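Colleague: Now for the letters of each chain:
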Amino acid sequence: MSDVVTVNHAPTAKQSGQVVKALEASANRVDWANHLFKYLFMLSAFIGVFSVGLIGYFLIKEGMPALSYAGVTNFVFGMEWVPPVLFGIAPMIVASLISALGAVVIGVPVALLTAIFLAEVAPKRVADVVRPAVELLAGIPSVVYGFFGLVIIVPMVEKVFNIPAGNTLMAAIIVLAVMILPTVIAISETALRAVPRSYKEGSLALGASPMFTIFKVLLPAARSGILAGVVLGIARAIGETMAIIMVMGNSPAMPRHLLDSARSLTANIAMEMAYATGLHSSALYTTGIVLLVFVMVLNATLLYLNREKAR
Amino acid sequence: MKNLIISSISAVSLMFGASAYAASTVTASGSTSVTGVMEVLAEKYQATQADAVEVQGTGSGAGIRAANDGTSMIGMSSRAVADDELKAGVKQFTMAMDGIAVAVNNANGVQDLSAEQVKKIYMGEITNWSEVGGANMPIVAVTREVGSGTRGAFEDIMGLIRKINGQKVTAISPRAQVQSGNGAIKTLVANNPAAIGYISLGSVDESLRTVKVDGAPATKEAIRAGEYGVARPFVLMVQEDTAAEAQRFIDFIMGEEGAQIIESEGYIDVQ
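Heads up: the sequence lines are chains A and B, in that order. Here this note's numbering is used: position 90 in the first sequence is 90, and no number is missing along the way. Position in the second sequence counted from 1, then plus 1000, gives you this note's numbering.
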């Protein structure tokens, strides 16, 4: 209010002289705060980039001896993991992919329906209970998921499928499906809410039912955002370690079916790092390189999807 | 406070005083399994007197050679050493025994397995408990991860070793479940009636049941008596005319204090 009042009065000569002086002074003065923050921002940005570069360099440097000993083909397609002679991680690549894909098959439909429920269907009071619960799911440490899997899911898999040991791919898939829920739900709900209101109103005005509107109008419009959520969910599933170690049995053999014990790439590194020496240790870093490549492919997919969205 | 200062000053002066006399170094080399407990013994020993101890893990074969050649004062081996492997004038002591218990779920009826049966279970050749006198139920074999000392000892003792490209590697079936740590194996075996696992003797408790191997129970007494098969001796070898400082270190190991350290590291003292 006071600003408006000052503008109404014409400034006196003395006042305008002061303003000019102040402006000149500020033009001559080096704005240290401005510079400081500019470089602080830049430094922060580089810490991230530098870390990624350093991790990549370190993995490749440490992993090279095993890769050149075994050869890329033997390493990636080899069926036997017998350190320190045979380093074949094909069974672990398969286990990581199957467990992540299985988690997506079970987890994504549930997550998507939850997201629709939160964004479109749920009364505000219900949504206010469901949303924090889902967010809490994201905050549970993975070792707790593993423990839950070990105590609840593993015995359940034993009973339901009548097998001697429930530490299987199936148990891992179920645990991972729960673990990716919060990621997929949060991103899908945001994508659904970002669809312009006019789409929904237009559809309803044309006489379409609410369900028809959701499935034929909102979901297609939010598609790229939902896919981004799914990709992040896959990345979470591939990168999960602790929970997987506790429920998957960790046998380094190629799983024959979903009720076989298996070892993921991450579990391979975490389990054997403690005692590994020489080539064996190097082979674990090489496993890390393969994981890094997986994550890079996933992120590239994500970038591609986001580009579609921006267009 | 004053007391603390005085005692710390005297402790420091003791340290420096001691180092002034630390003229001699005891050298020991050999089995990497023995190296772990030897290093702890050396550390405790160095804290009490002036001599320094150097321990190198080179493998049991190299340990026997080192004792014969005299390249180390003390040679270490984690397997029994036959008398004809040693030159005349080289004597051996069993400093400790390393025992591994084969354990099953409390609900499992099998009481006794032969070493051959245990070996075949881990190689994946015996896959059902009915083949070894138990209920008709598949066997879930649980093993430690590659590189673990317990797994290495178990493979050595049971002969679960095969050769690929001239290198000794594990013969344990890749279908066996893998858990890292005695605790994880115990949890799995304690919760799965079909499971079998092996853990160091010191970790056994009532959550699971050890089986007899070749009729002998997995107890310290049976291992000391040489009846229980899944055990191996930790052997030290020295030349009879070895340096006085090496003999002093061996006396320490074979004495009361050494026995306590060996027990606290999870091995079985044999005296």
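These aren't lab readings, by the way, just hints derived from the structure by calculation. Hints are supplied without guarantee of correctness; some may be wrong.
[To be verified] Quick list of the computed label-pair ranges, beta carbon to beta carbon:
1) A:M242 <-> B:G1149: 18 to 28 angstroms
2) B:E1085 <-> A:T73: 26 to 36 angstroms
3) B:K1168 <-> A:Y57: 30 to 40 angstroms
In this text the structure is predicted, and so the values were computed from the model without any measurement. Backbone N, C-alpha and C define an ideal beta-carbon position, used for all residues, glycine too.
Colleague: Each hint needs a verdict: does it hold in this structure or not?
Modeller: Okay, the hints, checked on the actual structure:
In this structure the supplied range 18 to 28 angstroms holds for A:M242 paired with B:G1149, their Cβ-Cβ distance being about 23 angstroms. For B:E1085 paired with A:T73, a C-beta distance near 43 angstroms fails the hint of 26 to 36 angstroms. For B:K1168 paired with A:Y57, a C-beta distance near 34 angstroms keeps the hint of 30 to 40 angstroms intact.
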